[in-house]
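Visitor: Construct the entire structure; sequences and hints are all you get.
Quick note, the sequences are listed as chains A and B, same order. If you're matching positions, the first sequence starts at 1 in our numbering and goes up one per residue. If you're matching positions, the second sequence starts at 1 in our numbering and goes up one per residue.
The reader is advised that the hints may include incorrect statements.
Label-pair distances were calculated between CB atoms; the ranges are [unchecked claim]: (1) A:Leu206 to B:Ala217: 20 to 28 Å; (2) A:Ile100 to B:Gly19: 39 to 47 Å; (3) A:Gly117 to B:Asp73: 47 to 55 Å; (4) B:Gly274 to A:Tyr116: 34 to 42 Å; (5) B:Ala127 to A:Ser7: 46 to 54 Å; (6) A:Ala194 to B:Ala217: 40 to 48 Å; (7) B:Gln155 to A:Ala194: 28 to 36 Å; (8) A:Ile100 to B:Ala151: 31 to 39 Å; (9) B:Asp73 to A:Asp193: 20 to 28 Å.
Note that these hints are calculated values from the structure, not bench results. These figures come from a predicted structure and were not determined experimentally. Beta carbons are placed, not taken as given, at the ideal position from N, Cα and C, and that holds for glycine.
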Amino acid sequence: MNRLLSSEFVYNYRRNIPAVLGSVLVLVFAFLAIIGPFLVWQDPYDVSQLELMDSFKPPVWLEGGDPRYLLGTDGQGRDVLASIIYGARISAFIGLAAMICSCVIGTTLGLMSGYYGGTLDAVIMRIADIQLSFPSMLIALFLMSAFGNGIGMILIALTAVGWVVYARTVRGSTLGEIQKEYIQAARVAGLSDAQIIRRHVLPNVLTPLIVVSTIQVGSFILIEASLSFLGVGVPITEPSLGLLVKEGFDVLFSGIWWTSAFPGLFIMFLVFGINLFGDFLRDELNPRLR
Amino acid sequence: MAEPLLDIRGLQTHFHTFGGLVKAVDGVSFDVKAGEIVGLVGESGGGKSVIGFSIVGLIDPPGKIVGGEIRFDGRDIAKLDERAMRRVRGREIAMVFQDPMTSLNPVYTVGRQMDEVLRLHTDLDKAARRARCIRMLEDVGISEADKRLDAYPHQFSGGMRQRVVIAIALLAGSRLIIADEPTTALDVTVQSQILKLMRRQVEDTGAAMILVTHDLAVVSEMADRVVVLYCGRVIERGLTDEIIANPAHPYTRGLLDSIPRIADRQHRLRQIPGTVPDIRSIGLGCSFRARCSRAQSLCAERSPDLAHVRGSLDAACHFPLEEAAR
Chain A
1 MNRLLSSEFV
11 YNYRRNIPAV
21 LGSVLVLVFA
31 FLAIIGPFLV
41 WQDPYDVSQL
51 ELMDSFKPPV
61 WLEGGDPRYL
71 LGTDGQGRDV
81 LASIIYGARI
91 SAFIGLAAMI
101 CSCVIGTTLG
111 LMSGYYGGTL
121 DAVIMRIADI
131 QLSFPSMLIA
141 LFLMSAFGNG
151 IGMILIALTA
161 VGWVVYARTV
171 RGSTLGEIQK
181 EYIQAARVAG
191 LSDAQIIRRH
201 VLPNVLTPLI
211 VVSTIQVGSF
221 ILIEASLSFL
231 GVGVPITEPS
241 LGLLVKEGFD
251 VLFSGIWWTS
261 AFPGLFIMFL
271 VFGINLFGDF
281 LRDELNPRLR
Chain B
1 MAEPLLDIRG
11 LQTHFHTFGG
21 LVKAVDGVSF
31 DVKAGEIVGL
41 VGESGGGKSV
51 IGFSIVGLID
61 PPGKIVGGEI
71 RFDGRDIAKL
81 DERAMRRVRG
91 REIAMVFQDP
101 MTSLNPVYTV
111 GRQMDEVLRL
121 HTDLDKAARR
131 ARCIRMLEDV
141 GISEADKRLD
151 AYPHQFSGGM
161 RQRVVIAIAL
171 LAGSRLIIAD
181 EPTTALDVTV
191 QSQILKLMRR
201 QVEDTGAAMI
211 LVTHDLAVVS
221 EMADRVVVLY
231 CGRVIERGLT
241 DEIIANPAHP
251 YTRGLLDSIP
261 RIADRQHRLR
271 QIPGTVPDIR
281 SIGLGCSFRA
291 RCSRAQSLCA
301 ERSPDLAHVR
311 GSLDAACHFP
321 LEEAAR
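Guide: The structure is reproduced here in structure tokens:
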């Protein structure tokens, strides 16, 4: 632990204000998502706790605000803050799970593509090229509207969109690594291809993976929010941040702005924080930029 | 005389490329006996490294071994399948590479990389493997081997890393070591240390070594016998002393003349005119004729075969050099 604290990484981190800001934002949101439900008094999805009388209360600092509802309430009398905290858990879960799925699949394909080359490489990379020629939102939108919604479906759609980035990144790094003589040395030592890929190539391509993964979580959260906003994302029983924005959007023009603005701001700061930290990791871990 | 450990007969390794068929190795024959160092010499593009990789069966497409035999310890390993070949690699035949900066994996400690070889090729338990690694590191002249085992490659200097690479090559008790330009990337002072170390290891373990290099000075110091390659063919072979003193092939003469000697400072270095031709464009005749001062019309008509000249020397030349008083 002491070695970590005195490392160059920590030294640079402390002097990088955007990185500190970004990671603080991420930590606060992670904290809220994990233990938030114990901090708010209302479970917004337990109908017995809702009071229809309290619907469309404005935030506490506006006239007519109720101190029980810091950020106001929506049409069913749900506390907006509580909804955000519950929604953030779903958004964060989808972002992380989709990142892990696409990382595993994309990395595997990228490693094989880079290591074996030839026809396999050509096939995988052409599929990736075709996919990259469509906006990722469009692909996700198509998959969701064709195969129905639900969290599982969203994960599949996001993975289908996200593996390409991993595959290309890993393939590039793999091509660089297999030029090096230690890969030849491992072959001469009698290791099989699978052993070489697992023990020698993979650990050497991990660094760019960490960077990509951080950025991907942010973009997955955004895509999921967009899908949910468009009504093809999560079901109404599991409202993510994007769905909250959509619900609020319906009443936005009657002057009730808080039900959509606060979840929207929350998404913005969450992704902003993730990207700030991701940029720091990219600068720090990329040997070419040092 | 004992059966040679490695006997290569008529090896042909060809590459099918867009520009045509490249006969990188075209009918190469030589043998290596146990406890002997054989130098493979030639300019870049001569097919030296391809021979090394052919022996361990690691020629990647578009390359392919299309002919010849590689008899190792009595069996033809060119015909083994991948599974069987993996047991030969590392256990029977090991390789030392040119660049010690990239021939060790940066993310693992030296000890772990040594351990990997032992785990793969022996049944020793963990403690025994570690003990053997430490002994091996000490053998190649690394002090405090116990501590250095847990260090990462970047904590070693270039020369030290090459010692580690040699230690790994020797670890599993291989009987043949192929050293591909093992000292080219090192400082001259470190170079001679590493060469001495390899020489001693070969003498101690009785292993055979193929020393691939472009540097005749290294060969004259190390090798018992020399095989000179040009455009994928053996152009001359024989005992090191005889070749160095009195080469029979004009190309070998040219290589020797281009080595700087501190003793005769007044002479300008002689170079071989021209460059190595594109292997695809040689056609009939001797591949060296365009650069050879002795070339005659016969040289363009018929490619010379390797034939006995004198003593231990075989050369592929229609007009071999006489035993010159130099």
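Visitor: State for each hint whether it applies.
Guide: Here is how each hint holds up against the structure:
1. At about 43 Å, the CB distance of Leu206 (chain A) to Ala217 (chain B) disagrees with the hint of 20 to 28 Å.
2. Between Ile100 (chain A) and Gly19 (chain B) the beta carbon distance is about 46 Å. The supplied range of 39 to 47 Å therefore holds.
3. For Gly117 (chain A) and Asp73 (chain B), the Cβ-Cβ distance of about 33 Å falls outside the hinted range of 47 to 55 Å, so the restraint is violated.
4. Checked against the hint of 34 to 42 Å, the pair Gly274 (chain B) and Tyr116 (chain A) passes, with Cβ atoms roughly 39 Å apart.
5. Checked against the hint of 46 to 54 Å, the C-beta distance between Ala127 (chain B) and Ser7 (chain A) comes to roughly 32 Å, which is inconsistent with it.
6. For the pair Ala194 (chain A) and Ala217 (chain B), the supplied restraint of 40 to 48 Å holds, since their beta-carbon distance comes to about 42 Å.
7. Gln155 (chain B) and Ala194 (chain A) have their C-beta atoms about 30 Å apart, which keeps the hinted 28 to 36 Å range intact.
8. In this structure the hint that Ile100 (chain A) and Ala151 (chain B) lie 31 to 39 Å apart at CB holds, the actual value being about 34 Å.
9. Distance hint check for Asp73 (chain B) and Asp193 (chain A): the Cβ-Cβ separation is about 26 Å, which falls inside the suggested range of 20 to 28 Å.
Checked against the numbered hints above, the structure violates hints 1, 3, 5; every other hint is satisfied.
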